[in-house]
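Visitor: Listed in order, the protein sequences are those of chains E and R.
In this text, residue positions in the first sequence follow the working numbering: the first is 1, and each later residue adds one.
In this text, residue positions in the second sequence follow the working numbering: the first is 1, and each later residue adds one.
Derived from the structure by calculation, the hints contain no laboratory data.
Beta carbons are placed, not taken as given, at the ideal position from N, Cα and C, and that holds for glycine.
There may be inaccurate statements among the hints.
[Unchecked claim] Stretches of chain E that chain R covers, calculated by requiring three or more beta carbons in the stretch to come under 8 Å of a beta carbon on chain R: (1) 9–18; (2) 48–56; (3) 60–72; (4) 118–130; (5) 135–146.
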Amino acid sequence: MLEAYPDGRLARILLWSLCALVMAFLMLPTLVVVPLSFSASNLLEFPPRAYSLRWYETFFASATWMAALRTSLILGTLTAMIAVPLGLLASISMNRLGGRAAVTIQGVLLTPSIVPGILLAIGLFFVLAAQHLVGTLFGVLVGHVVLAIPVACIVLLPALARFDWNQVQAARSLGANWPRAIGGIIVPQLQISLLSATLMAFLTSLDESVISIFVASGQNSTLPKLMFLSLRDQIDPTIAAISTLWTVIVVVVVLVVTLRQKS
Amino acid sequence: MTVLADPALAADARRERQFFLSLSLPALFIVGLAAILPIVWIIRQSFLTTGGEYTVGNYEKVLSSGLTWSALATTLELSLGTLAICILLGTPLALALASARPRVANLLMAFVMLPLWTSILVRTYGWLVLLRRDGLINAALTGSGLTAEPLPLVYNFTGTLIGMVHYMLPLFLLPVYAAMRDIDANLVRASASMGATLGQTIRTVILPLSSGGIFSGSIIVFIYTIGFFITPAVLGGGKVNPLSTRIERTLSTFQDWGSASVLGILLLVLMALVGVMFLAARRLIAGRRVGTAYA
């Protein structure tokens, strides 16, 4: 855009050095934990004097961390399994209705992503407490599903907008009822977007911390809740190992999603 | 229109519409159950004593406490501070990205997006490691002789602000970058050919044309930061207490559900006020633009 200023060299150097600094600022905290996770020391020394896998061993050998990992994976899977079908139905509904009805539905579905997490968390805590459901998997699951539905819709709505609805028309005129048309025509055609939506919903649940902190407890504590508690008490390199594993998983998932969408 | 005049077809169309509406019901039901009901419950709880009787005592207690007002002030300081730094750092970064070749820009955007996909807890941990008294940054500062003593960079306001800016910058950048990329390069060329310096072009062409993106980015920053919990709770080290951590402490430590609810409502009111202010500001800006167009 600035090629009209070929001689603005000083400005350009300034702009790009600022750019480099900001990039470093953005990347640094994620990258710094990687070497730390391979440290052999109890201390957070940087760079580590000796390397080992002991923090990974600590993580995988700890019953508490493993229980939390299991809870998080189960929650993520269930969240995706519930939020994506609900999101798909709602997206079809919004796409077909159009106009004010669609805008209203979208507004309601987006509420959870606008309301601060802390409010959702304490509100959900009160509601669950009244039903004696605090600390159950169900309580956290409901909270995660409600956050994952808008995420699924954001992926599915544009896909449905590109979808050729004449195909459904044809199926309907040949006698297929709506469930059949959705299952037989829309779902197979939207395969890639549905996969993306599933992964995003899974990640939304995996990453969610505030609702978990308030609503999950004991055996049903999630990984982020446990990480939060141990960050508050003391910081040991086990967290660095978890962080590294986590980042690797997320980067792989995001790469898969973006590459599939492009192909 | 002629088709719908047939009553049978019109009834058919109505039935189909009802069917499409019903497809949204499961999702709407869950949102009602897990997002709207909880908010209503907070409002209800704010008027109840621990025994479950109606009271306005919670409001009197919370609103007369100095802690509440300092929490409100901290919330606003953190939000405004984050917003100011995001604008200062994010706008030039967006300009650099928008003026880069598409391939370079895409690559750099991927790096910008990486933190967005990293867990907030991973990032908070990373900042703890970097900012601690014996952390990487202090080691570099004292090692190079820039400072004699390690600086207090974390477990305080500075650390919280750094963590929040780190979280919000990519989210601020997205709409600003999108707006700048959409600027017609010919306008910049025209401005240059008329003799405007680079600074003048940025001030009179690029910034006004990307003000919509900067505006959206600012709304996003504000809405998010007002309720931020994890970052102040960890990087603030108990010394930085915006409304969110106040709510948590009131609930977990003091088991005072009523007061926690009042603080929650305060947060909601603050959000609503900020929302209205932004909408009004947008209308004002839009109105002025129409005004100058006719002038």
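Visitor: Any hints from earlier that this structure breaks? Give me their numbers in increasing order, please.
Guide: The structure conflicts with hints 2 and 3, although it agrees with all the remaining ones.
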